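Asker: This is what each chain is made of:
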Amino acid sequence: MKPALKHFFDSMGAYFARPGPESLERLYAEHPGWDAPRERVAVYGDFVRGHVRGVLEKVFPLVRGAVGAEAWSALVEDFTLTRPARHHELNHLAEGFPAFVADAAASRGLAPFVPALARFEWTDFAVFASEAPSPESVERLTANPTLMVLEHPFRLCAYVRAKGALAEPEAGDELALLWRHPARLVTFYVEATPPALLVLKMAVEGLSVEDVAAATGMSAADLRSSVERFSLDGLVLAPRGSGV
Amino acid sequence: MVATYARRHGLKPLGAGIGLRRSFYEELPRTGRALDWVEVIPENFLTLGGRSQRTLDACAERWPVLPHGVGLNIGGPDALDVDYVTRLAALVARVDAPFFSDHLCYSRLDGVYLHDLLPLPFTEAAVEHVVPRVREVMARVGRPFLLENPSYYARMPGGTLSESDFLRHVVEEADCGLLLDVNNVYVNALNHGYDARAFVDSLPLERVVQVHLAGHTRYPDVIIDTHGDRVCDDVWSLYRYVLRRTGPVATLIEWDQDIPSLDAVLDEADVARAALREVAGT
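Here the protein sequences line up with chains Y and V, keeping their order.
Numbering-wise, the working numbering puts 109 at position 109 of the first sequence, and it's gapless, one number per residue.
Numbering-wise, the working numbering puts 88 at position 88 of the second sequence, and it's gapless, one number per residue.
Calculated directly from the structure, the hints in this document are not laboratory data.
Since this is a predicted model, take the numbers as computed values, not measurements.
A few of these clues could be false.
Here are the computed lysine to any residue pairs in the SDA-like style, where the Cα-Cα straight-line distance is at most 20 Å [unchecked claim]:
#1 Lys58(Y) / Val131(V)
#2 Lys2(Y) / Arg133(V)
#3 Lys2(Y) / Thr47(V)
#4 Lys2(Y) / Leu161(V)
#5 Lys6(Y) / Ala125(V)
#6 Lys6(Y) / Val131(V)
#7 Lys58(Y) / Thr47(V)
#8 Lys2(Y) / Ala264(V)
#9 Lys201(Y) / Thr216(Y)
With beta-carbon atoms standing in for the labels, derived distance ranges [as the list claims (entries may be wrong)]:
#10 Glu30(Y) / Ser23(V): 40 to 48 Å
#11 Val149(Y) / Glu172(V): 25 to 33 Å
#12 Gly50(Y) / Gly111(V): 40 to 48 Å
#13 Pro153(Y) / Thr86(V): 23 to 31 Å
#14 Gly111(V) / Ser73(Y): 57 to 65 Å
#15 Ala74(Y) / Arg54(V): 34 to 42 Å
#16 His7(Y) / Glu278(V): 46 to 54 Å
#17 Gly193(V) / Val149(Y): 58 to 66 Å
#18 Glu70(Y) / Pro260(V): 32 to 40 Å
#19 Glu278(V) / Asp35(Y): 39 to 47 Å
#20 Glu22(Y) / Gly142(V): 20 to 28 Å
Even for Gly, the Cβ is constructed at its ideal location relative to N, Cα and C.
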């Protein structure tokens, strides 16, 4: 690459690292005689910053509402400065935001549940967009391949279900299960319950209803009912015609 | 004028298409309206599963699908993203696209994706930089490739070529096709004070394989290529001017902001189709 072109890219890179009036002046100082209107060049700085904000506001609506406008704006600004867009798919820039929030929470006085909520919202998106294909059919009970499990000391499933209408989530350990429904292709989430975990165990370990009934003394009819319910919800995938 | 690039590569005019956008994922594959082809932004399908993939497959069963990228970074200083190009090639093969396209711009610096279509300086050095990258992409993907003339709001420093000469040098030396965004021509002409028709006349129109049409937004000091409105009368007029010189070429209605109903976008495609039939004499 010719030095003049490299200089152009270097100067634009410095501007886009922190777009603003000062960096714009430094950019122009690198190119004496450049007569393009400054406000026209600033359009690009605004665009680039705006893409980060736009993605964060799309993926983390509940975090945004929970922290308030001022704290949210500061989080977005500071996260943008970390230059998070390292992937060709736009939404991936949000992947590091939960860790950023976790690191920033104490010093910024954020509510203790906010880092966990950020992780929950990112996982919601990651499950929705998971590349893991849902098989057309399975030969035996199978855990949904998009399933992700989160553990946190707050009742986040209820909070998310209420779309942040609660003041804040109740305290209490929660194991949250998130997966993409194989037919509806939207994210489902529930607080893990003993029946859900048992059905998952059956899927992962290849246990039949009869085996589990014999081992636990549970009613086979109740077990089938659980398997059927969680199959309909897509937490597990059942063979066609299996009767569950 | 004969679209010789298209003829050399056996590319036929496809008619009028629209872009596959998320708000159309459910409705578009089932539409009973006339539609000739669908354009997809490959970045939405390279690494995102679920609804994106199901909709893509459903569309590919009904129509030709043309990938039109925003992340190739053909003009940037970073090496081409091999993972991206590999996935892009797989997508092009999967939908059996007759050709694919991206923008003559840069979109990544120092490993950071800027997720915007940033203008290059109109220089011989930029031509020299871009041309081998275009050839590399075409070799890796193995299908005809088009570069789009981007909108730009400021001329970058150090320019030594006119915009049309810059475009011509790149597409001719790389031997790729031209995706002529007519709205971009219109917006650029107004923003930079030149004659849109004279600009069209100065382009290598024999390389035009596809046309984009879109709406824009007028601000007091600048017109922004927002893709957020209907195609305006002036752009329709310029489009017909282009068609009289190129003959029928695949034409896309782009609508990416304030997206209306699917029917409203298809109505625009109907207008384009009528213009294509008119110029084809059918």
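Asker: State for each hint whether it applies.
Answerer: The hints, checked one at a time:
1. A distance of roughly 37 Å separates the Cα atoms of Lys58(Y) and Val131(V); the hinted pair therefore is violated under the 20 Å criterion.
2. Only pairs whose Cα atoms come within 20 Å are accepted, and Lys2(Y) paired with Arg133(V) is accepted, the gap being roughly 15 Å.
3. Pair hint Lys2(Y) plus Thr47(V) does not hold up; C-alpha atoms about 34 Å apart against a cutoff of 20 Å.
4. Taking the CA atoms of Lys2(Y) and Leu161(V), the gap is about 16 Å. The hint holds against a cut of 20 Å.
5. For the given pair, Lys6(Y) sits about 10 Å from Ala125(V) by alpha-carbon distance, which is consistent with the 20 Å threshold.
6. Restraint check for Lys6(Y) and Val131(V): the C-alpha separation of about 16 Å stays at or below 20 Å, so the hint holds.
7. For the hint linking Lys58(Y) to Thr47(V), the alpha-carbon distance of about 18 Å falls within 20 Å, and the restraint holds.
8. For the suggested pair Lys2(Y) and Ala264(V), the alpha carbons sit about 47 Å apart, so the restraint of at most 20 Å is broken.
9. Our distance criterion of 20 Å between C-alpha atoms is met by Lys201(Y) and Thr216(Y), whose separation comes to about 13 Å.
10. The given range of 40 to 48 Å is respected by Glu30(Y) and Ser23(V), whose C-beta atoms sit roughly 42 Å from each other.
11. At about 56 Å, the beta-carbon gap between Val149(Y) and Glu172(V) misses the expected band of 25 to 33 Å.
12. For Gly50(Y) paired with Gly111(V), a C-beta distance near 20 Å fails the hint of 40 to 48 Å.
13. Distance hint check for Pro153(Y) and Thr86(V): the Cβ-Cβ separation is about 42 Å, which falls outside the suggested range of 23 to 31 Å.
14. Take Gly111(V) and Ser73(Y): their Cβ atoms lie about 26 Å apart, and the range 57 to 65 Å is violated.
15. A C-beta distance of roughly 39 Å is found between Ala74(Y) and Arg54(V), which places it inside the suggested range of 34 to 42 Å.
16. Our hint of 46 to 54 Å for His7(Y) and Glu278(V) holds, since their Cβ atoms are close to 49 Å apart.
17. Roughly 60 Å separates the CB atoms of Gly193(V) and Val149(Y), a value that falls within the hinted 58 to 66 Å.
18. Here the CB-CB span from Glu70(Y) to Pro260(V) is close to 35 Å, well matched to the stated 32 to 40 Å.
19. Checking the proposed 39 to 47 Å range against Glu278(V) and Asp35(Y) shows it holds: the Cβ atoms sit about 42 Å from each other.
20. Evaluation of the 20 to 28 Å hint for Glu22(Y) and Gly142(V) yields a failure: the beta carbon distance comes to about 47 Å.
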